Structure formats: structure tokens, C-alpha cells
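**Q** Residue numbers (this note's numbering), protein chains in the order written: chain X, 45 to 226; chain S, 2 to 216.
You may find that some hints are simply not true.
Simulated pairs of lysine-lysine, DSS-like, Cα-Cα distance not exceeding 25 Å [what the hints assert, rightly or not]:
(1) S:K212 - X:K74
(2) X:K63 - X:K107
(3) X:K74 - X:K86
(4) X:K86 - X:K119
(5) X:K107 - X:K74
(6) S:K7 - S:K21
(7) X:K119 - X:K63
(8) X:K169 - X:K219
(9) S:K21 - X:K63
(10) X:K74 - X:K63
(11) X:K136 - X:K181
(12) X:K211 - X:K188
(13) S:K21 - S:K215
(14) X:K107 - S:K153
(15) S:K21 - X:K86
(16) X:K66 - S:K21
(17) X:K188 - X:K206
(18) X:K219 - X:K188
(19) X:K181 - X:K211
(20) X:K177 - X:K107
(21) S:K21 - X:K136
(22) X:K119 - S:K153
(23) X:K136 - S:K215
(24) X:K219 - X:K206
(25) X:K63 - S:K153
(26) X:K219 - S:K21
(27) X:K74 - S:K21
(28) X:K86 - X:K66
(29) X:K177 - S:K153
(30) X:K177 - S:K215
(31) S:K153 - S:K215
(32) S:K153 - S:K212
(33) S:K7 - X:K86
(34) X:K169 - S:K215
(35) X:K66 - S:K7
(36) S:K215 - X:K107
(37) X:K169 - X:K206
(38) X:K136 - S:K153
Think of the hints as simulated: they come from the structure by calculation, not from any bench. Note that the structure is a prediction, hence the values are computed from the model and not measured.
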Amino acid sequence: MTKLSDTEQWQEWAIQAQKGDKRAYSSLLKALYPYIRNVVYKGLSNNDAAEDVAQEVLISIHKSLNSYAPERPFKPWLMSIINYRKMDYLRKYYAQRQDMTSTTEANPEFMSDNVTNPTHLGELKDIEGALAKFPTKQQDIFRKIKIEGYTAEEVASQMDMKESAVKVSAHRTMKKLQGMLK
Amino acid sequence: MSDSEKNTDDLIGHLCGDLKPMSPRCPYRRISIWLILSVGYIVGVIYYLGLQVNLLDYLTRATFIFEMGMAIAILISAALASSWLSFPDCIQRDWMKTITVTLFSVFLFWILASGIEEGGMSVRSNFFLSSCSRGIVVEAIPFIALIFMTMKGNTTQPYWSMAMSVMAVSSLGWIGLRLTCPMYESMTYGFINYLLPFCILGVVLGLFARKLFKW
Numbered sequence: 045m046t047k048l049s050d051t052e053q054w055q056e057w058a059i060q061a062q063k064g065d066k067r068a069y070s071s072l073l074k075a076l077y078p079y080i081r082n083v084v085y086k087g088l089s090n091n092d093a094a095e096d097v098a099q100e101v102l103i104s105i106h107k108s109l110n111s112y113a114p115e116r117p118f119k120p121w122l123m124s125i126i127n128y129r130k131m132d133y134l135r136k137y138y139a140q141r142q143d144m145t146s147t148t149e150a151n152p153e154f155m156s157d158n159v160t161n162p163t164h165l166g167e168l169k170d171i172e173g174a175l176a177k178f179p180t181k182q183q184d185i186f187r188k189i190k191i192e193g194y195t196a197e198e199v200a201s202q203m204d205m206k207e208s209a210v211k212v213s214a215h216r217t218m219k220k221l222q223g224m225l226k
Numbered sequence: 002m003s004d005s006e007k008n009t010d011d012l013i014g015h016l017c018g019d020l021k022p023m024s025p026r027c028p029y030r031r032i033s034i035w036l037i038l039s040v041g042y043i044v045g046v047i048y049y050l051g052l053q054v055n056l057l058d059y060l061t062r063a064t065f066i067f068e069m070g071m072a073i074a075i076l077i078s079a080a081l082a083s084s085w086l087s088f089p090d091c092i093q094r095d096w097m098k099t100i101t102v103t104l105f106s107v108f109l110f111w112i113l114a115s116g117i118e119e120g121g122m123s124v125r126s127n128f129f130l131s132s133c134s135r136g137i138v139v140e141a142i143p144f145i146a147l148i149f150m151t152m153k154g155n156t157t158q159p160y161w162s163m164a165m166s167v168m169a170v171s172s173l174g175w176i177g178l179r180l181t182c183p184m185y186e187s188m189t190y191g192f193i194n195y196l197l198p199f200c201i202l203g204v205v206l207g208l209f210a211r212k213l214f215k216w
């Protein structure tokens, strides 16, 4: 007797399962699970989520077992279900990420970890004090680029300078400030 | 054994416990029943509204025969595609969608060309609320039946399923109304009152296709 390949074996079990053979069905689901998990892991970075999606795929296989026709190949049927559930998960995931956008005021932990505490203004005062020792033009360039967030190109056009000169000025100011504040 | 492996084993045990013998679904059987019932419904509508008085004259015109042939071809191909789309592995029959979309595009082009020949597609002068609502009523029941069938299936392409259902039912409605409506002298009129509102309705419903056909 020739040995069946994995997919042929799955197909055979699926046909038996449609006839109500619970043992064949159990073998099918147990054999499919590692395969499904591997396919899902490749597309999702989160292992817990991949595990959930793999279990969702098993449930979907159960719900749609009667849509598999024995004369058609088994693997495309299985892959369609896996891809559908994976896309479903990703769609929900990205939709929830949208919901998770929030203000910094509503997240005090984030504020304390990532934003300078307004009560600790000493450091800022030191920087301002050191910056005041530079020529006005150099101060302006530094403030616009490093504090106000303008690009070098925008500052160059505002101040009628070359972009490279603006970049050099901002870089030198930064280096000198670092030296002064050490 | 880790928690997740135990969960998976429990799940498999539960699913196996639920298993009952089933016969594989045939894509052609249910859609054949839908086609027969829908055609019967349209025949009933034709019987109720009465055949168009100039029908015998129309049947001698090649353009009318072509138009009806196109509508029948769209109806059959869209219904079959819709039926296949309720199977997860419908991707293997993607050519069915291509055929239907091509036929439907040719049909729309034909209507557009006829509209231009008739002297322009003026929506305002051709729009009649009573005709439009009659078109929707005629097409609504077969459409609901087709949507229900798709909901019972396991589609992995919900938007295409909705599109195929809309095309199948619009062509069915077109055939029925083309054979009955006494005001139906122009293609522009038919397009604006019978095809366009239903297509718009289909697009609106299509926005919810993913939720509607969830399984």
C-alpha cells in the first residue's frame, strides 16, 4: 500500500469526517493545527494572537466542513480559510489601534515617562541661558530647527540662507551647547 | 503540556463532539432552485402586469434579442458566480467573476451607446419615482433570497458576493420589466429607473457586506 502525502491524508480524513467519523475528524484537526499555526505565525508578530487566530481557523473549518467537496483539492480550501481569518484579525487589530489613539492628558503614565515634567524647568532654563550666549542668528536657527520643528529647508528659505549653512549652524550650536552644559 | 496546548486540545475535543454526518454542499443545486423560483416569480409579475403591447414587434428586432440575450447571460453567470463565491475556495473559480463583469460592462456600454443614440441620458427628464420603486419591488424578493443563500454559505469574498448578487438580480429585473413596462420605449428610461437605483442600493448594502456575510 502506498503511503499518502500529508494533503492526501487530510483530504481522506476530511471525507471521513463529513460522514460523521469523529476519530478521523480529531486526527484531521490535530494534524492541521501545527500547519495552521506555522502559516499564521509567519504573518503575525504576536504569538498569542497567532495562537488565537489558529484556533479561530479550526472553528471556521468546523463551520464550513460541508463546503469542502471531495473532488476538489483540500489545501486551497484550507488556505482560503486561513487567509480569510488572518485578514479578519489584522483588520480588527488595525481598527482597534485607531480606537486606542488618545490624548497625553488622559495617560499620565505616558506623560511622566516621555514628556519633560513642567515642574522641572531648571534644565530648560540652563539650555536657554547657554543659548543666549550665541549670536542672535545662530539662536534663531537652533530654536526653529531643534525646538519649533522646522526643517532646514524651511529655515533656509525664511532666513535667506543656504540649506547646508543652516544645517551646519544648527549642528555646531548643538555641539557647543552640549560642551557648555556638561 | 502548556495552557495553550491544553486549550487547543479542549477545542478539538469540543468540535469533534459537535460533529454530525453531512453531505457536501453542491454549488449548482441551490442556485438552480433560486433560478427556477426567481424566474417563476418574474413570470408571475409578468402575468400580473401584463405583457408589453409591442412585444411581438420587439421580438423581430435584433437589438432587442441581443439585449435580452445579454441580460440572460449576465443572470446565469452572475448567479453561478454568486453561488461559487459562497464557498471558501472560490478563488479557484475567479474566471467566473471575470466573465460576469465583462458581460455586465458590455451591457452597460450597450445601454450608454443606445442612450446617446436616443439623444442623451437626461436623468431628470427620465426619472419617475413610481417606475423606480416598482423596479425595486420587483427585484427585492429574489435579491433577499440570494442574500440569504450567501449568508448561509461561507464566503471569503463578501464584496464580490454582493456585487454578483446585485448583477444577477438587476438582470433578472431588467428582463421582467423589459417585457412588461408600457412606457419602456427607451434604454435610458430603463437604465435610470430600473438598473441604476438597484445598483446604488447594492453599493450601499455592499458597504456592510463583510458584516452581512460574516460566518
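**Q** Compare the structure with each hint and give your call.
**A** Structure-based check of each hint:
A C-alpha spacing of about 30 Å is found between K212 of chain S and K74 of chain X, which places the hinted pair above 25 Å, so the restraint is violated. Taken as a hint, the K63 of chain X and K107 of chain X pair is honoured in the structure, with Cα atoms around 15 Å apart against an allowance of 25 Å. Among the hinted pairs, K74 of chain X with K86 of chain X is consistent with the structure: their alpha-carbon atoms are about 20 Å apart, no more than 25 Å. Distance hint between K86 of chain X and K119 of chain X is fulfilled; the C-alpha atoms sit about 17 Å from each other, no more than 25 Å.
A distance of roughly 17 Å separates the Cα atoms of K107 of chain X and K74 of chain X; the hinted pair therefore holds under the 25 Å criterion. With a CA separation close to 24 Å, the supplied pair K7 of chain S and K21 of chain S stays within the 25 Å bound. Between the alpha carbons of K119 of chain X and K63 of chain X the distance comes to roughly 20 Å, so the proposed pair stays at or under 25 Å and holds. At most 25 Å may separate the alpha-carbon atoms for a hinted pair to count; K169 of chain X and K219 of chain X meet this at roughly 18 Å.
Only pairs whose Cα atoms come within 25 Å are accepted, and K21 of chain S paired with K63 of chain X is accepted, the gap being roughly 8 Å. Between K74 of chain X and K63 of chain X the alpha-carbon distance is near 18 Å, which keeps this suggested pair within the 25 Å criterion. The suggested pairing of K136 of chain X with K181 of chain X is violated, with an alpha-carbon distance near 51 Å, which exceeds 25 Å. For the hint pairing K211 of chain X with K188 of chain X, the CA-to-CA distance comes to about 11 Å; that is within 25 Å, so the pair holds.
Between K21 of chain S and K215 of chain S the CA atoms are separated by roughly 22 Å; this keeps the pair inside 25 Å, and the hint holds. Distance restraint check for K107 of chain X and K153 of chain S: the Cα-Cα separation of roughly 11 Å lies within the 25 Å cut-off, and the hinted pair is therefore satisfied. Simply put, K21 of chain S and K86 of chain X have alpha-carbon atoms about 33 Å apart, too far for the 25 Å limit, and the pair is violated. Under the criterion of a C-alpha separation no larger than 25 Å, the hint pairing K66 of chain X with K21 of chain S is consistent with the structure, at around 9 Å.
Between the alpha carbons of K188 of chain X and K206 of chain X the distance comes to roughly 15 Å, so the proposed pair stays at or under 25 Å and holds. Proposed proximity of K219 of chain X and K188 of chain X is supported: the alpha carbons are some 16 Å apart, at most 25 Å. Between the alpha carbons of K181 of chain X and K211 of chain X the distance comes to roughly 13 Å, so the proposed pair stays at or under 25 Å and holds. At roughly 74 Å between alpha-carbon atoms, K177 of chain X and K107 of chain X are farther apart than 25 Å, so this suggested pair is violated.
Among the hinted pairs, K21 of chain S with K136 of chain X is inconsistent with the structure: their alpha-carbon atoms are about 32 Å apart, more than 25 Å. Between K119 of chain X and K153 of chain S the CA atoms are separated by roughly 23 Å; this keeps the pair inside 25 Å, and the hint holds. Taking the CA atoms of K136 of chain X and K215 of chain S, the gap is near 13 Å; set against the 25 Å cutoff, the hint holds. The suggested pairing of K219 of chain X with K206 of chain X holds, with an alpha-carbon distance near 20 Å, which does not exceed 25 Å.
Pair hint K63 of chain X plus K153 of chain S holds up; C-alpha atoms about 21 Å apart against a cutoff of 25 Å. For the hint pairing K219 of chain X with K21 of chain S, the CA-to-CA distance comes to about 75 Å; that exceeds 25 Å, so the pair is violated. Under the criterion of a C-alpha separation no larger than 25 Å, the hint pairing K74 of chain X with K21 of chain S is consistent with the structure, at around 18 Å. At roughly 30 Å between alpha-carbon atoms, K86 of chain X and K66 of chain X are farther apart than 25 Å, so this suggested pair is violated.
With a C-alpha separation of about 76 Å, the suggested pairing of K177 of chain X with K153 of chain S is violated against the 25 Å cut-off. The straight-line distance between the Cα atoms of K177 of chain X and K215 of chain S is roughly 67 Å, outside the 25 Å bound, and the hint therefore fails. Between K153 of chain S and K215 of chain S the CA atoms are separated by roughly 10 Å; this keeps the pair inside 25 Å, and the hint holds. About 13 Å separates the Cα atoms of K153 of chain S and K212 of chain S, which keeps this hinted pair within 25 Å; it holds.
Only pairs whose Cα atoms come within 25 Å are accepted, and K7 of chain S paired with K86 of chain X is accepted, the gap being roughly 23 Å. For the proposed pair K169 of chain X and K215 of chain S, the alpha carbon gap of about 59 Å is over 25 Å, so the pair is violated. A distance of roughly 19 Å separates the Cα atoms of K66 of chain X and K7 of chain S; the hinted pair therefore holds under the 25 Å criterion. Annotation: proposed proximity of K215 of chain S to K107 of chain X holds, straight-line Cα distance about 12 Å (limit 25 Å).
Distance hint between K169 of chain X and K206 of chain X is unfulfilled; the C-alpha atoms sit about 30 Å from each other, more than 25 Å. Simply put, K136 of chain X and K153 of chain S have alpha-carbon atoms about 23 Å apart, close enough for the 25 Å limit, and the pair holds.
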